[in-house]
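Asker: Take a look at the letters that make up each chain.
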Amino acid sequence: MSELFRLISISLVLIFVENTVFTKAIDTSTLISVSRNRKNIFGFWLCAVYFSVVTGFLGFFADKFLLESGIKNEQTYIYQPFVYVAILGVVYIITLLILWKFFYKKFLKIKKFIHLSALNCAILGAMFLNSQNCTMLSEYIFRGIGTGLGFMFAIYITAIVYDRLHDASVPYCFRGYPLTLIYIGIISMAFYGLASTTVR
Amino acid sequence: MERINSKSDILISADMLIALLIPAVIAVYYYGIRAAMIIVVSVAVCLLTDVICYKLRGRVRVKAEISTVVTGLTIALMMSASVPFYAVVTTDLFAIIICKHAFGGRGNEIFNGAAVAFLFSSICFPTEMLNYPRPAVHLSLSSEELLNTSLFQSMSKSVILSNDAASSSIIDLLVGKFCGPMGTGFIILFIITAAFLMLRRSISAISFCSQFAVIVIGTLIYCGSDIKYTLSVLCGGMTIFGMIFLSCDYRTMPKTRSSRLILGLITGVLTLIFRFYAGAENPIIYAVIIAAPFGIELDRKMLSFAKIISNAKKKRTVTAEKTKETDESGLNNE
Amino acid sequence: MNNPKKESLSSVIYNSMVRNNLVLVLGTAIAPVIVVANTLKNAAILALTFSVITFFTMLLSSFIPQKLVYTVRVIIYIAIGALVYVPTAIIISSLFPQALQNMGIYFPLLITNSFIIFHSDTAFLTEKKGRMMLDLILGIIGYDIVVLIFGLIREIISTGEINGNVITLPILFKAFYQPFGGFILLGIFAAVLRGILLLIKKVSN
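Residue numbers (the numbering used here), protein chains in the order written: chain A, 1 to 200; chain B, 1 to 334; chain C, 1 to 205.
Heads up, some of the hints might be wrong.
Just a sample of chain B residues kept apart from chain C, beta carbon distances all over 12 Å, derived [unchecked claim]: (1) Lys55; (2) Arg59; (3) Val89; (4) Leu151; (5) Val175; (6) Ile188; (7) Phe305.
For lysine-lysine, the following DSS-like pairs were computed, each having C-alpha atoms within a straight-line distance of at most 30 Å [stated by the list, open to error]: (8) C/Lys202 / A/Lys112; (9) A/Lys39 / B/Lys307; (10) A/Lys112 / B/Lys301; (11) A/Lys106 / B/Lys301; (12) C/Lys67 / A/Lys105; (13) B/Lys63 / B/Lys255; (14) C/Lys41 / A/Lys111; (15) A/Lys101 / C/Lys129; (16) B/Lys324 / B/Lys314; (17) A/Lys39 / B/Lys255.
To be clear, the hints were calculated from the coordinates, so they are not data collected in a lab. Computed from a predicted structure; not experimentally measured. Every residue, glycine too, gets a C-beta built ideally from N, C-alpha and C.
Build out the structure end to end from the sequences listed, making use of the hints.
Answerer: Rendered as structure tokens:
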């Protein structure tokens, strides 16, 4: 039971305190483009969580393979990206094929944004971060869940103020993209300050 | 909707200004000329920056717009009495340029400028911003003399470190005589102020009360009904001050009652989490910033929910009228 | 970019480097800029790695037939990026041993940068080869210039140094060294560029 709590707390920390967008700025570009359209957000979320969990799961075996393949530790970083991209590609194509074959209507809907939710820095970044921080398969999976949900949280918190950031009353120089960056910066500052200026 | 929206911004700002002037006077009484100077500099920089920003944006500034003075005064009161003036100026500039004008100025702000700017400056200048002189030690304006003044950690920080109530007496806690920001600790005064502002409907009563209830109940549960510890939590870390002037700020408040209630609860819960689990020195600052965007979403959801309900009611009355008419016509035919 | 025959070279340069600047206007590959480019040295290494990976990935990607569905084609772009990454990583790590450590995961993440995924198809790969190369090179130069200026200013205001040499400044804004400071500063940079573009438009009108 305590192990389950530990794993859940890992996910929670990744959602709020060590959010990949707010603390590492990973995949801010995707976040900005996705937050424009609130209609597709839910589908995007589901896809992102699915890909981060599945690639997290397979990443565990990839890391094991790299460790056992005799490649020197300092050279892992050279070959790791190719292995991860291969995993991501396989998962992506298999998912597309399954959707196309069995859920064609869903496939047509998802087609517009599935590449954004699968092939982005958040998913690939999560695989790299997992390899640095995890040793057990369960940790890989729960970190995958945490990263996916954290990315969701970041998109949600940006999407809810989209209208305000693009409002006509905002000065032209700041309207849209510049103000979105400042907005994310302020939220990120609150999380950073919380983690760094805490007394304990 | 509460009357807060129909009341003019200027009147609300005037009420807030009156409410802030009293702690400002007490801060000057406790810390002397330096506190007065910090207040003057903060307000002046805010006003000047605001005027320049309006000019640059090509918009007309309403002469009676005193919300900028309120921001300046709020920032000044959140400062340590020994803070260097450049930190005050940086905070003011950030609050007015980035948090107010970059977001579209009056009415379009997402965050409370004072809270965000304070956080920014406290990360830029942590030693200068988060160390405090003892109260009732009058500080001079000279920076050389200031170097000889002993500075201490805030009461809030020592309470978190020791996990025990503040060492100051209850009377000292009530009158704000402890190490901390120069104008945020006078709990008795702030409770009276909150009552005054709620009666005048210048702050949202529903939001303030929900936050207050959550924080007090949560703290009592956490510390096992230790009254002094609860008082230490409320006085320290700008809790009560933040609830009145940062969290219930009408500029960033949602429009509907229900969203204000929920936002108050969210802010209260976040404050508790940040205080007791993350050990943040000024938890209300983080809670206010993180909760702010949810206020906008809550408003949107509540308004659409209210629309759905009113539409359903309209439909029901229309169908009821129709059935009544058909019944009546049926009776007439019979 | 739309009509190559009518555009002069200066307007091509202006459009690719300034008006459609990859960082400040299109918001491409901003994560490493926000996190890594906090000193001039780091910014220079980022500019170099981004240039190499993006240029060769795009160049090779231009040979992929456009008839292929985009949803599938995009994975091939990334696979090419991953292939390009291997020799780049070997060369960069032999030239600047500390560089990869400084960049951390942001170096391999350049493979999936949004320029390759989003903008490649809409702005570059549909053009003729020669024009594509010109736009690509100018776009990358625009990115590099912004990253270098950003890194330099960030280093000065947050640490009071230029490439490790101390300069005396009355106030330092340590916050800008952190990722959130990077977000805010980049937002301000983007706003300033918009202001300049607006001014140029007004003057030319």
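Asker: Just pull the numbers of the violated hints for me, sorted ascending.
Answerer: Numbers 3, 8, 14, 15 - these are the hints that the structure violates, sorted from lowest upward.
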